[in-house]
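For the record, the sequence lines run as chains A and B. Positions 1 to 107 (our numbering) are the ones given, in order, by the first sequence. Positions 1 to 112 (our numbering) are the ones given, in order, by the second sequence.
Worth flagging that the hints you see were computed from the coordinates, not collected in a lab. Honestly, I wouldn't trust all of these hints.
Derived DSSO-like pairs (lysine-lysine); straight-line CA-CA distance at most 30 Å [unchecked claim]:
1) A:K2 with B:K62
2) A:K45 with B:K16
3) A:K42 with B:K11
4) A:K42 with A:K106
5) B:K16 with B:K62
6) B:K62 with B:K78
7) A:K42 with B:K16
8) B:K78 with B:K16
9) B:K71 with A:K45
10) A:K79 with A:K42
11) A:K106 with A:K45
12) A:K79 with B:K71
13) A:K79 with B:K11
14) A:K79 with B:K62
15) A:K106 with A:K79
16) B:K11 with B:K78
17) B:K71 with B:K11
18) B:K62 with B:K11
19) A:K42 with B:K78
20) A:K42 with B:K15
21) A:K45 with B:K78
22) A:K2 with B:K71
23) B:K15 with B:K62
24) B:K78 with B:K15
25) A:K2 with A:K45
26) A:K42 with A:K2
27) A:K79 with A:K45
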Amino acid sequence: RKEVEQDPGPFNVPEGATVAFNCTYSNSASQSFFWYRQDCRKEPKLLMSVYSSGNEDGRFTAQLNRASQYISLLIRDSKLSDSATYLCVVNMGDMRFGAGTRLTVKP
Amino acid sequence: EAGVVQSPRYKIIEKKQPVAFWCNPISGHNTLYWYLQNLGQGPELLIRYENEEAVDDSQLPKDRFSAERLKGVDSTLKIQPAELGDSAVYLCASSTWGNEQFFGPGTRLTVL
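Assemble the whole structure, with the sequences as input and the hints as a guide.
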């Protein structure tokens with residue numbers, strides 16, 4: 001089993017759609033969690049941290065379920081500029097990255 | 001403030017040749033990471049430094065890969081000899097402990 005597993009995607013959605021990405025992790029002692037965004041041929045950049053109580057940043061909502069070892073990212077009212085690969089990252093002592101889920105938002 | 005600097009951005013070599021990548025982290029970041037990223041995959045950790053000490057190099061193929069971070073600032077990753085399967089993007093990142101990692105633009109290596 002991979003340490004961090006994500007929906008394989010790709011996701012192709014119209015503008016304005018709501019899309020959700022899921023991620024599971026293997027190490028129950030993991031301390032912190034993040035979503036990174038990576039544009040094509042660019043480096044990953046932090047989108048948001050994920051807190052136990054759940055957190056929201058504009059159109060983006062991240063949730064953590066420690067009991068199920070599950071993280072999610074919800075994007076509401078998708079924009080063309082949201083097209084990217086979304087990486088789930090779990091701090092297991094070292095940062096472990098999922099393979100990423102590719103999102104394409106179409107007009 | 002300058003971000004993480006990497007060079008070169010692109011490198012094309014023939015198999016069995018040596019290659020080296022350089023990284024200068026963000027000033028004040030004591031933790032430095034080298035990752036390898038293949039197409040369609042997430043970054044995979046090769047080595048992590050806390051200051052000048054390599055605290056996790058378990059994923060570094062030590063028969064051909066080496067890294068150093070002299071003086072705890074910039075770092076060099078070397079491959080000797082390179083193999084066809086080493087073609088990938090090599091990313092450097094830095095952070096203060098446990099906090100957000102900032103990535104450099106990466107070095108895209110092609111081994112022919």
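So, going through the hints one by one against the coordinates:
In summary, the hint linking K2 of chain A to K62 of chain B is supported, as the alpha carbons are separated by about 23 Å, within the 30 Å threshold. In summary, the hint linking K45 of chain A to K16 of chain B is not supported, as the alpha carbons are separated by about 33 Å, beyond the 30 Å threshold. Between K42 of chain A and K11 of chain B the CA atoms are separated by roughly 16 Å; this keeps the pair inside 30 Å, and the hint holds. Taken as a hint, the K42 of chain A and K106 of chain A pair is honoured in the structure, with Cα atoms around 21 Å apart against an allowance of 30 Å.
A C-alpha spacing of about 16 Å is found between K16 of chain B and K62 of chain B, which places the hinted pair at or below 30 Å, so the restraint holds. Between K62 of chain B and K78 of chain B the CA atoms are separated by roughly 10 Å; this keeps the pair inside 30 Å, and the hint holds. Between K42 of chain A and K16 of chain B, the direct Cα distance comes to roughly 28 Å. Compliance with the 30 Å bound is thereby established for this hinted pair. Among the hinted pairs, K78 of chain B with K16 of chain B is consistent with the structure: their alpha-carbon atoms are about 13 Å apart, no more than 30 Å.
A hinted pair counts as satisfied when its Cα atoms are at most 30 Å apart, and K71 of chain B with K45 of chain A qualifies at roughly 27 Å. At most 30 Å may separate the alpha-carbon atoms for a hinted pair to count; K79 of chain A and K42 of chain A meet this at roughly 19 Å. Distance hint between K106 of chain A and K45 of chain A is fulfilled; the C-alpha atoms sit about 22 Å from each other, no more than 30 Å. With a C-alpha separation of about 45 Å, the suggested pair K79 of chain A and K71 of chain B falls outside the 30 Å cut-off, and the hint is violated.
Taking the CA atoms of K79 of chain A and K11 of chain B, the gap is near 35 Å; set against the 30 Å cutoff, the hint is violated. A distance of roughly 44 Å separates the Cα atoms of K79 of chain A and K62 of chain B; the hinted pair therefore is violated under the 30 Å criterion. The hinted pair formed by K106 of chain A and K79 of chain A meets the criterion: a straight-line CA distance of about 8 Å does not exceed 30 Å. Under the criterion of a C-alpha separation no larger than 30 Å, the hint pairing K11 of chain B with K78 of chain B is consistent with the structure, at around 13 Å.
Between K71 of chain B and K11 of chain B the CA atoms are separated by roughly 26 Å; this keeps the pair inside 30 Å, and the hint holds. At most 30 Å may separate the alpha-carbon atoms for a hinted pair to count; K62 of chain B and K11 of chain B meet this at roughly 21 Å. Of the supplied pair hints, the one linking K42 of chain A and K78 of chain B holds, its CA atoms being roughly 22 Å apart against a limit of 30 Å. Taken as a hint, the K42 of chain A and K15 of chain B pair is honoured in the structure, with Cα atoms around 26 Å apart against an allowance of 30 Å.
For the hint pairing K45 of chain A with K78 of chain B, the CA-to-CA distance comes to about 25 Å; that is within 30 Å, so the pair holds. The suggested pairing of K2 of chain A with K71 of chain B is violated, with an alpha-carbon distance near 35 Å, which exceeds 30 Å. For the suggested pair K15 of chain B and K62 of chain B, the alpha carbons sit about 17 Å apart, so the restraint of at most 30 Å is met. Between K78 of chain B and K15 of chain B, the direct Cα distance comes to roughly 14 Å. Compliance with the 30 Å bound is thereby established for this hinted pair.
Taking the CA atoms of K2 of chain A and K45 of chain A, the gap is near 22 Å; set against the 30 Å cutoff, the hint holds. Between K42 of chain A and K2 of chain A the CA atoms are separated by roughly 24 Å; this keeps the pair inside 30 Å, and the hint holds. The straight-line distance between the Cα atoms of K79 of chain A and K45 of chain A is roughly 18 Å, inside the 30 Å bound, and the hint therefore holds.
Of the numbered hints listed earlier, those contradicted by the structure are 2, 12, 13, 14, 22.
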